[in-house]
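These protein sequence lines map, in sequence, to chains Z and A.
So that you can map any letter, position 154 of the first sequence is 154 in the UniProt record's numbering, and since no number is skipped, the others follow by simple counting.
So that you can map any letter, position 44 of the second sequence is 44 in the UniProt record's numbering, and since no number is skipped, the others follow by simple counting.
The set of hints was computed from the structure by calculation and includes no laboratory data.
Fair warning: there could be bad hints in the mix.
Chain A residues, not near chain Z, derived (Cβ > 10 Å throughout) [said to hold, decoys possible]: (1) G80; (2) T161; (3) A200; (4) R236.
Looking from chain Z toward chain A, a few residues come up when the C-beta cut is under 8 Å (computed) [claimed, not checked]: (5) G79; (6) D107; (7) G159; (8) G164; (9) M199.
Cβ-Cβ distance ranges computed for the label pairs, FRET-style [what the hints assert, rightly or not]: (10) Z:N272 / A:A28: 26 to 32 Å; (11) A:D321 / Z:D239: 52 to 58 Å; (12) A:P317 / Z:E203: 40 to 46 Å; (13) A:R111 / Z:P96: 30 to 36 Å.
These figures come from a predicted structure and were not determined experimentally.
Here a beta-carbon is modelled for each residue, glycine too, at the ideal position from N, C-alpha and C.
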Amino acid sequence: MTTETATENPALLANVSLAERAYRIRRNAVLMGEVQGQGYVGQALGIADVLAVAYFHALRYRPDDPRWEGRDRFLLSIGHYAIALYAALIEAGIVPEDELETYGCDDSRLPMSGMASYTPGMEITGGSLGHGLGIAVGMALGLKRKGSDRFVFNLMSDGELGEGSTWEAAMGAAHHRLGNLVNLVDFNNQQADGPSRDMLSAEPVTDKFAAFGWHVQRVDGNDVEAVRAAFDTAMAVRDDRPRAIVFDTKMGKGVPFLESREVTHFIRVEANEWALALQALEQGRPA
Amino acid sequence: MSTTGKEPAAAPAKKRLTTSAMIASIAAEGQATRPAPFGHALVELAKRDERIVGLTADLGKYTDLHIFARAFPDRFYQMGMAEQLLMSTAAGLAREGFVPFATTYAVFAARRAYDFIAMAIAEEKLPVKIACALPGLTTGYGPSHQATDDIAIFRAMPDITIVDPCDALDIEQAVPAIAAHDGPVYLRLLRGQVPAVLDAYDYSFELGKAKVLREGGDVLFISSGILTMRALEAARALEGDGIRAAVLHSPTIKPLDVATILAEVDRAGRLVVVAENHSRIGGLGEAVATALLANGRAPRFRHIALPDAFLDAGALPTLHDRYGISTDRIVERTKGWLEED
Ligand SMILES: Cc1ncc(C[n+]2csc(CCOP(=O)(O)OP(=O)(O)O)c2C)c(N)n1
Ligand SMILES: [Mg+2]
Numbered sequence: 001m002t003t004e005t006a007t008e009n010p011a012l013l014a015n016v017s018l019a020e021r022a023y024r025i026r027r028n029a030v031l032m033g034e035v036q037g038q039g040y041v042g043q044a045l046g047i048a049d050v051l052a053v054a055y056f057h058a059l060r061y062r063p064d065d066p067r068w069e070g071r072d073r074f075l076l077s078i079g080h081y082a083i084a085l086y087a088a089l090i091e092a093g094i095v096p097e098d099e100l101e102t103y104g105c106d107d108s109r110l111p112m113s114g115m116a117s118y119t120p121g122m123e124i125t126g127g128s129l130g131h132g133l134g135i136a137v138g139m140a141l142g143l144k145r146k147g148s149d150r151f152v153f154n155l156m157s158d159g160e161l162g163e164g165s166t167w168e169a170a171m172g173a174a175h176h177r178l179g180n181l182v183n184l185v186d187f188n189n190q191q192a193d194g195p196s197r198d199m200l201s202a203e204p205v206t207d208k209f210a211a212f213g214w215h216v217q218r219v220d221g222n223d224v225e226a227v228r229a230a231f232d233t234a235m236a237v238r239d240d241r242p243r244a245i246v247f248d249t250k251m252g253k254g255v256p257f258l259e260s261r262e263v264t265h266f267i268r269v270e271a272n273e274w275a276l277a278l279q280a281l282e283q284g285r286p287a
Numbered sequence: 001m002s003t004t005g006k007e008p009a010a011a012p013a014k015k016r017l018t019t020s021a022m023i024a025s026i027a028a029e030g031q032a033t034r035p036a037p038f039g040h041a042l043v044e045l046a047k048r049d050e051r052i053v054g055l056t057a058d059l060g061k062y063t064d065l066h067i068f069a070r071a072f073p074d075r076f077y078q079m080g081m082a083e084q085l086l087m088s089t090a091a092g093l094a095r096e097g098f099v100p101f102a103t104t105y106a107v108f109a110a111r112r113a114y115d116f117i118a119m120a121i122a123e124e125k126l127p128v129k130i131a132c133a134l135p136g137l138t139t140g141y142g143p144s145h146q147a148t149d150d151i152a153i154f155r156a157m158p159d160i161t162i163v164d165p166c167d168a169l170d171i172e173q174a175v176p177a178i179a180a181h182d183g184p185v186y187l188r189l190l191r192g193q194v195p196a197v198l199d200a201y202d203y204s205f206e207l208g209k210a211k212v213l214r215e216g217g218d219v220l221f222i223s224s225g226i227l228t229m230r231a232l233e234a235a236r237a238l239e240g241d242g243i244r245a246a247v248l249h250s251p252t253i254k255p256l257d258v259a260t261i262l263a264e265v266d267r268a269g270r271l272v273v274v275a276e277n278h279s280r281i282g283g284l285g286e287a288v289a290t291a292l293l294a295n296g297r298a299p300r301f302r303h304i305a306l307p308d309a310f311l312d313a314g315a316l317p318t319l320h321d322r323y324g325i326s327t328d329r330i331v332e333r334t335k336g337w338l339e340e341d
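Excised from the complex, chain Z in its bound form (with noise of 0.2 Å):
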């Protein structure tokens, strides 16, 4: 990164890894899962290296102020993942950590499922899935027409891939030729109704990304250092594709009890579990 971002970025000047950044973010989304007894957890956890490397090495914004001009926009495609998403902002110091309890309540600003008129940070509302990419689509060609050199972020699943609107979305892209358009794909290999690809199978995802017209990467998402550099790699690209990075993720991670679970779309956490996941994560936390 260059030094103009991180200046741009304080979170940078910390000094903390990100390993540990990712440590925390999967902490936060396990006390939140807590309050509720339930909640997508296992997303939260395996996406959890990803939104470190967003939030602690790629994108650049102002803490105090979420809607600062100059920003990365990053936009959570995937409503289900807002515990993840506010897991990170409250790392990120954009939502005061003691909200941290009233997750899922009524009135809470950190509802179930993201919404941008609740949350600061939050970029749109989701819930209904398949919206994030044309709107990424749309807000990288504003900021071109405004003449910035900032970057647009959206974070889907590979649920979203099976949804028509992420390819006219992706068509779009590479029509318009959005270089400042990153799009991260969890692909966590599950849905509702079970694995991904037994399905409707996307792959080969990274072809079609290809032949869409898209630089287009594939890592183990669960490898910081792999993450890094993919996010280094999309943002330094020459010429002026969209980049699509697909992550690989596993679900629960950091939590080797929920990881070898049956994984299902809602990981069953019980009562007594949240304290043992907590712990499990403690000893799994970088030195």
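Fit chain A with the ligands to the supplied structure of chain Z, relying on the hints for placement.
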């Protein structure tokens, strides 16, 4: 736009609030229920009728279609999360002589797949049965999942029949009835542990028919869906205050049983209250009001329905109170209306 006008919420009371976004049932605690009435009824029907096939857009488990998928794996099609494809495929199967039951959430059928239902299914009068969970305000998950507009959307679509069942019995009887109907149907589905309310009444579901569940000389509730359950509860509560309320259940919203509604309204002197789990725009209330005016009737008329707004996220009981469709609120509002004169 990002950020928010909302103030930070105070730390929650020690008692945990759970939003109903994760709760698959609208049953009250201790209420009699039956599991997955839609799935089981469809299995029974499919044993007798080989034309029946089932399709879903990644919501089989969440629309009770998994029961059918388990019983008839090779008559089940998992279309993935692709609602437009779901509807087009159902249309194609119907063209080839099958009777497809296609399931998703109400918001995604009504909003995302509308054009595909309109042109590929309804305009051709194809016998596709669209069964959708989370109708109206039956989840606290926020506007993305709250189908407050589905009836309005489908009422405006020509040639499609709309059914809004109250409970497990209604669903069990509606499934064969809508399959027998030669045309497209939109069914508002209740899933999971579904309340069993109508067993206690001398009632059976008939497509196109509204039925009186309860007599009463002061108020006439005209209702559909879970608001019939609420109207029955409210009527019982009102009885304690000496107020006699009748309940006319109209599970078929289109075509509306105008004859029965007129006949009941003509039994003079009652306050007419239409109660529905839907926006006040475009639902049962407007359908009944139009039918009444068009036929020269103008009774005292009140409407229990959801506001014309994107609703909040939160726990379902909180939201039902907030928007006036809980039993307590129905009782309170009805009493207020009776006191108005
Ligand atoms: C347009 C739309 N269709 C259906 C749903 C219901 N739904 C919510 S999550 C989900 C699974 C989608 O797959 P993915 O996002 O990959 O799920 P996960 O990895 O979290 O299990 C579905 C079908 C939805 N929210 N939006
Ligand atoms: Mg997934």
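Hint by hint, which ones does this structure get wrong, listed from lowest number up? 1
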